[in-house]
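Protein chains: 2
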Amino acid sequence: MRRNRPECDTSPDPTDVHPAWLPPAAFRAVGSRHTLVHGDGLLVDTVLREVRLACATHGGTVRRSADGPPAHLVLALTGRSPQPAETEAAGRPGGTAPATEPSGRTPSVVNDDGMRRVLDAARADLAAAGGGPLGDEGYAVVRHGEVTVVLADAPAGLLHGLFHVVRLGESAFGAPHPARAYRPVMRRRMLDHWDNVDVHPVMGQVERGYAGGSILWRDGRAHPDRARVRAYARLLAGCGINAVSVNNVNVHATEARLLTDRLDDVAEIADDLRSYGIRVHLSVNFAAPVMVGGLSTADPLDEKVRAWWVETTARVYARIPDFGGYLVKADSEGQPGPFSYGRDHADGANLLAEALAPYGGVMHWRAFVYNHRQDWRDRSTDRARAAHDTFAPLDGRFQDNVIVQVKHGPVDFQTREPVSPVIAAMPGTRLAVEFQVTQEYTGQQRHVCYLAPWWHEVLRFTPWGDDGPTVADVAADGGGLAAVSNVGDDPFWTGHPLAQANLYAYGRLAWDPRLRPEDVLDEWIDLTFDPAASADPELLRRTLHEIMDDSWRTYERYTAPLGVGFMVRPGHHYGPDVDGYEYTAWGTYHFADRDGVGVDRTRATGTGFTGQYPPPWSQVYESPEQCPDELLLFFHHVRYDHVLRSGSTVVQHIYDTHFAGVAEVTAMSDRWAALAGLVDPVVHARVDERLAEQQRSAQEWCDQVNAYFHRKSGVPDVYGRPLY
Amino acid sequence: MRRNRPECDTSPDPTDVHPAWLPPAAFRAVGSRHTLVHGDGLLVDTVLREVRLACATHGGTVRRSADGPPAHLVLALTGRSPQPAETEAAGRPGGTAPATEPSGRTPSVVNDDGMRRVLDAARADLAAAGGGPLGDEGYAVVRHGEVTVVLADAPAGLLHGLFHVVRLGESAFGAPHPARAYRPVMRRRMLDHWDNVDVHPVMGQVERGYAGGSILWRDGRAHPDRARVRAYARLLAGCGINAVSVNNVNVHATEARLLTDRLDDVAEIADDLRSYGIRVHLSVNFAAPVMVGGLSTADPLDEKVRAWWVETTARVYARIPDFGGYLVKADSEGQPGPFSYGRDHADGANLLAEALAPYGGVMHWRAFVYNHRQDWRDRSTDRARAAHDTFAPLDGRFQDNVIVQVKHGPVDFQTREPVSPVIAAMPGTRLAVEFQVTQEYTGQQRHVCYLAPWWHEVLRFTPWGDDGPTVADVAADGGGLAAVSNVGDDPFWTGHPLAQANLYAYGRLAWDPRLRPEDVLDEWIDLTFDPAASADPELLRRTLHEIMDDSWRTYERYTAPLGVGFMVRPGHHYGPDVDGYEYTAWGTYHFADRDGVGVDRTRATGTGFTGQYPPPWSQVYESPEQCPDELLLFFHHVRYDHVLRSGSTVVQHIYDTHFAGVAEVTAMSDRWAALAGLVDPVVHARVDERLAEQQRSAQEWCDQVNAYFHRKSGVPDVYGRPLY
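Protein chains in written order, with the working numbering: chain A, 1 to 724; chain B, 1 to 724.
Hints may contain errors.
From the derived model, a few chain B residues whose C-beta atoms are all more than 12 Å from chain A [as the list claims (entries may be wrong)]:
no., residue
1, 261
2, 425
3, 647
4, 682
5, 700
6, 711
Computed spacing ranges between beta-carbons, pair by pair [to be verified]:
no., chain 1, residue 1, chain 2, residue 2, range
7, A, 395, B, 676, 51 to 57 Å
8, A, 545, B, 200, 45 to 51 Å
9, B, 539, A, 604, 44 to 50 Å
10, B, 202, A, 311, 42 to 48 Å
11, B, 670, A, 220, 49 to 55 Å
12, A, 616, B, 378, 46 to 52 Å
No wet-lab data here; the hints were simulated from the structure.
Ideal placement from N, C-alpha and C gives every residue a C-beta, glycine not left out.
The whole structure should be built from the sequences, with the hints applied where relevant.
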């Protein structure tokens, strides 16, 4: 599948792995030109290696010096000294950069006259544009005469700038333009791996993983295929991710030891990720002092426990100086937590945060806490309320380096949910918003489901009404974004080749949530499929866009309707089972009866969940007339003949959307069939196979959901289509 | 838990295993008397060992000779020579009988005058009673003066006669009575173990096992605890079972090799079972010629395949001369079969039968064949029809030593089903009726559910109407009974101590299906709990009887109503999920909608399944008015307000029975609580723990089923009880 790959390619990823959005062709514009690289440090080495690799493929040249022939591209640090962390990392014995240039030089001043003039002009241009410092990761791009200049204050910025130019391709080398500065909106753009070190008897190696085994772990140790991990780091950097939590939030016995005697395994992964500017975080078990520390308690207010975390964390930093911090799932779905000791989650989070603080580490503390032993008979309890009930009262009690990590919706990564009210409820706390790139509830990478439009809706949502800040603003001011990875050791990384777009888009939206998901999709298509080199670039581009752009709404149409959620097979969560969770302890109900369906979460007659929102949403959601159609059944129990804002009745809407969703999948398959010959045949075959399953599954969803509501309501379809 | 166990006890079962229905106390009447044993052979050795063990505990004496003091009990072969098979088995090096008596003697004629007179009188008595030969396993009991005499033609009969006297206890030694002959109604009384040799990743070591691991296999080999296997054989003989299939009918890779290079493992188990008169059978994979034989086909009409089975079977008999035969699940739930080669099940069964015939082996061929990839939308297909559709046309085509093994109901061991129409459809074929002692669908040995009343109903059912033969008659004339074992390596054998009664009762009903289940229950109670030695024998006896006797109907009441079946959680089949199988490929539906529920299997408007029965049942089941209430929803789709023969409406019946079932479980628990102090505290605690789970589960069943039908029908409970 790696066609057009030259003999001299020294790319670190093995030949049988798909190159995703960084194939050699993506570097054609850069690699066919002359590039100068100014700067020093581990990540500048990486920049140089990337450009050198591109040039080997495409015939350009690259030099790391200030003198020589005129360049088409200048990648330059702006003279600021390398940051301490970078210096240290670069000098570490574990560093993996091939030091082909003499190291120790710090060309902090560009000394070639021609280049100096270009850089001076670019800097002046940037200053004129009102640009302040670019920061740790920002960069500016200027097109000056025949030369494109990327400026950065720090090495990571230079790497991100390089990938920016790669994304632009030839258009980076068009008409001159003044300086444009790019800084990440989110300081931390994190990916959480739910990878188990040991294979779990029920959940397998990657919990909720749909792309094979772990690329980070195998047979209880760090995965021996280091090249694959480095190739992964490169892809993550290429879309903007800068932090990775390397193990499942459900921390079992073996994984608990990563913190102590298995720390070398973590350090090994950290070494590989570091050269692409990515820090390692670790999921830890709140009961670690008992599990691996030999203490009799994990009480957060116990002095011995506190000392244990301080000492243990000191050892972590001694081994991994740029370690990012801890991630904890506590008092949730069986994981231990502070509740066991009569403490609250601020006590718990602050305990670990205190240990991390001296090193600049952060404590990601998940707000996904709820009672999973709920009595389905008791309609007064409401899982959607749980995170707010638990965390909102704690606002202001968390230390500065605690990040409370909040799932974007109040339940659990459903295809459609409202935004979590916790996001508007903790102004005195740093919040990170958590997404799920792995498609647990959205087709498990057997269905095409491009999730960026969904995330974009969440990110631009204004919890306090139109004039207030967005969810993205809250995250940007707080802890940034986190998301569950969709990657495994599958040759396509993500099982479904088109699911790569979700990982790419997550990184890009985390860097800049103002990006339009359709533009990000086109970026990804251009990088991944190289339409320019195809027989029909426009057909290829347009068709892929049409298949993917609306695929999340298509998925929504043929699955659970109107925001009701969780009509999935229990356990594995794939495929329909309308009553699958209806009489269980998981708190995920729809209460369908012969008259109507939906969860009454109003203050007036329901669980009162709407009261967790500030105005205007507390009013909007309270009213069945004002509530957006797509969330109606999340907030209200209504009759089947209730007329939606769309004009349709609830039950006819269910029929219509389900039939429409199936038809859209058919159209998707037809479109994909038309791409035969324009797409790598191996990719084409894999997607073909998945589309067949998606078609089968969509039909099953449609028929089961329609049959269920037809049998319950007795209402026929107005168009007389088959209901079983 | 083995209280009252004397030091000199040489019982073969380990001390931490419950003695089930053969505790030392059960042998009190025999063991405290003087016994003479006449006869020779392996099973007479076993009889002698059993009596000797009893005497060591209870102070009696036993001799194997014709002279000596007067005896209270004479166990005597009637002078017939030992059977060839027994002779051979006794002489084999693998024989395990402790030869404490000088062997080689054949006291075929009783030579003590007193004893000779007793025996002559007993024989005369038997002849006067019109008794013909007692056969391989039969026996006669005479009480003559102060002596009880058990006569048998063959050693196995003597062993069964001994256990008969044990069951009678003191009453075997009461008033004189003339000879009574006992012969098994079913020639073969078989127990099928669904034990995997290797642990299966989904099904575990024992498929549908609820009592721990296998007692026959461990770590891929025959279980090293041979004493446990012998103790098991003793219990089986003690209730009348004489054949055991030692591995799961789903034959995976390792198990397929039991037929060839792993045959020694089977022989080892055969050695242990032989000394209690039990033959070993083996589940084999129809594709064995390919899987382990290196052939390219398993086509039953292929000459090489035929030769392979002939040779392989010859090797089996060379190693295990009294090997019972094969058991095959073919073309079912993924197991291979003759359909793969365009052949039918007669072709398949006859192939293996031919190989077994020279040795007297039998081929048990399961009729459990159906399409498990059914389209739930297609109401014309019907899993209940499948066995009849497949097998009835083949009647007369099976060789004499083929036994077609038919599940008692047309679906799959549900709590309530009609009798399978296959039982009346194959007069030219030897049929065995298959039961399920393991409680897959009847509470998984966490619920008290005494199944004998259910089996008894099936066995006395008259497929051709009142004047015709019963199901028991069909089985007696054919292949007897088979049943899936409920035993594992749990210290109580069956997880739930009271579930031992099901295994006991199965063996007893297989011996004599005319026994009343309530009498068998009392037998089991008396043997197992030794009420005579308790502080309140009557309370103990009566309470246990009350708890267990109606427990199957109690279970039926709180689970799936009116014969509809399969409202269980998919996969593991424990606990309620009314729609769990409703939209699946398994063919197990109820079609509940807002108006009614049930499966229309009539000829008039449904799947036509009723037409598979002969009159009168073809008419009775066709009519919703004549159909027995308890099967109504199996045969008919009716409105919720349909009035049952009981006078109740369907939906009110559902509510009433579910509330009643829960109340009965509460009563059960209360009764059990009253037995504290009268029952071994370890047993009491285990049952207590299970009853708590049964109570929880019954309530869950009740609330879910009632909520489901209330939400669908909208009909309130006439008594206003809570519906959620």
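Beta-carbon spacing of residue 616 (chain A) to residue 378 (chain B) - inside the hinted bounds 46 to 52 Å or not | holds, 50 Å
Check on residue 700 (chain B) being off the interface with chain A, judged by Cβ distance over 12 Å = violated, 8 Å
Verdict for residue 539 (chain B), residue 604 (chain A) (Cβ pair) under range 44 to 50 Å | This hint is violated: roughly 57 Å between Cβ atoms.
Is the distance from the Cβ of residue 202 (chain B) to the Cβ of residue 311 (chain A) consistent with 42 to 48 Å?
-> holds, 44 Å
Taking the beta carbons of residue 545 (chain A) and residue 200 (chain B), is their distance inside 45 to 51 Å?
-> holds, 46 Å
Taking C-beta pairs only, is residue 261 (chain B) more than 12 Å away from all of chain A?
-> holds, 30 Å
Taking the minimum C-beta separation from residue 711 (chain B) to chain A, is that value above 12 Å?
-> Violated: least Cβ distance 4 Å, not greater than 12 Å.
In terms of Cβ atoms, is chain A entirely out of 12 Å range of residue 647 (chain B)?
-> holds, 25 Å
Consistency of the no-contact label for residue 682 (chain B), given chain A and a CB cut of 12 Å = Consistent with the label, residue 682 (chain B) stays out of reach of chain A, its closest Cβ about 30 Å off (over 12 Å).
Lying within 51 to 57 Å: is that true of the beta-carbon distance residue 395 (chain A) to residue 676 (chain B)?
-> Given about 53 Å between the Cβ atoms, the range holds.
Is the nearest Cβ of chain A still more than 12 Å from the Cβ of residue 425 (chain B)?
-> holds, 31 Å
Consistency of beta-carbon spacing, residue 220 (chain A) to residue 670 (chain B), with hint 49 to 55 Å | holds, 51 Å
The structure does not agree with the numbered hints 5, 6 and 9 stated previously, though it agrees with the rest.
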